[in-house]
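These protein sequence lines map, in sequence, to chains H and Y.
Residue 15 in the numbering used here sits at position 15 of the first sequence, and the numbers go up by one each step.
Basically the numbering used here = 1-based index in the second sequence + 1000.
Simulated from the structure, these hints should not be mistaken for laboratory data.
Take the hints with a grain of salt, since some may be wrong.
Once the Cα atoms are required to be at most 20 angstroms apart in a straight line, the calculated EDC-like pairs of lysine to aspartate or glutamate come out as [as the list claims (entries may be wrong)]:
no.	chain 1	residue 1	chain 2	residue 2
1	H	Lys94	Y	Glu1008
2	H	Lys35	Y	Glu1019
3	H	Lys94	H	Asp8
4	Y	Lys1020	Y	Glu1009
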Amino acid sequence: MFDFEKIDKIIHEKSRLGIMTLLATRSSWSFQDLKAELELSDGNLVTHLRTLHDNGYVAVTKEMLDRPQTSYSLTARGRTSFQDYLTILEQIVKAARP
Amino acid sequence: MQTSTEAEEHLRVIRSLMEKATIYRAISAPAALLGGTISVVVAGVAWFFSGRADFPSGLPFATTWLSVLAITSAANLWLLRRDAHRRGEVFVSPGMRLALRAMMPALLAGGLCLFLEADGGAPMLASLWLLLYGVSLLAAAHFAPASIRWLGRIFFSVGAALLLSGAEMFDWWRGANQELTAHVLMGATFGLFHLIYAACTWPRKTNGET
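Model the full assembly from the supplied sequences, consistent with the hints where possible.
Structure, rendered in structure tokens:
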């Protein structure tokens, strides 16, 4: 029987899973691009990004280009945790197959 | 998590988001410049030689434009391969596989139009090619940069407008030099639109858009 306690609860929430997935595809994402891709409100996105940042999964970079821009990227810990999370999902699916 | 169904659903979400986030530029700006230039030159040559006694048959439409397609496609693939190599990525990337899977049906349909005995002759074939090329670009829209989506919309709109213009346009085409009309149509659309695309996308290459 699979130990469901192994699932990373921080990543497992659907919006945060979306954020982690997108961050895994490129070196960094701007706040506006994440918002557009995930169709989340500003408040929701900020809350989930803060949770991920507080847990050391996401790094924040603030730059002054034409205007202030905040971009987000996965930390080494975040990338490892995301890979572990994927592995666990795959194990669950495999375990359920006859 | 109580069931594997939920795990499968989460894996589907991850896969779908990753595919959406894969931006792939199927047409490189230099290839568009080359293809656009060749198209305009070919249309100009066809115009120049039309009706001349020493060149009565003119340029054969389908053969000429299939040759233009072959040259431009070869150049595009070579440039995409060079760019992938420069970025340290594989040439046949997941993005390229996605693009080919999405675009191929409409492109093959364009090839099958060669066997169509359609009323309207070469201009009709050119219009169908415009429409189907637009469809193929739009099929890749969900992982293509905005410039490709715009190119697809423009080709689709012009192709659809020509086909919807209906009997009057076809009557005019029948009365005119069909091959020359089709050559000019290709030069004015495939040629000019790709030149505009090249001009619009060239500076963005330095900003990291692939």
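So which of those numbered hints doesn't the model satisfy?
Violated: none.
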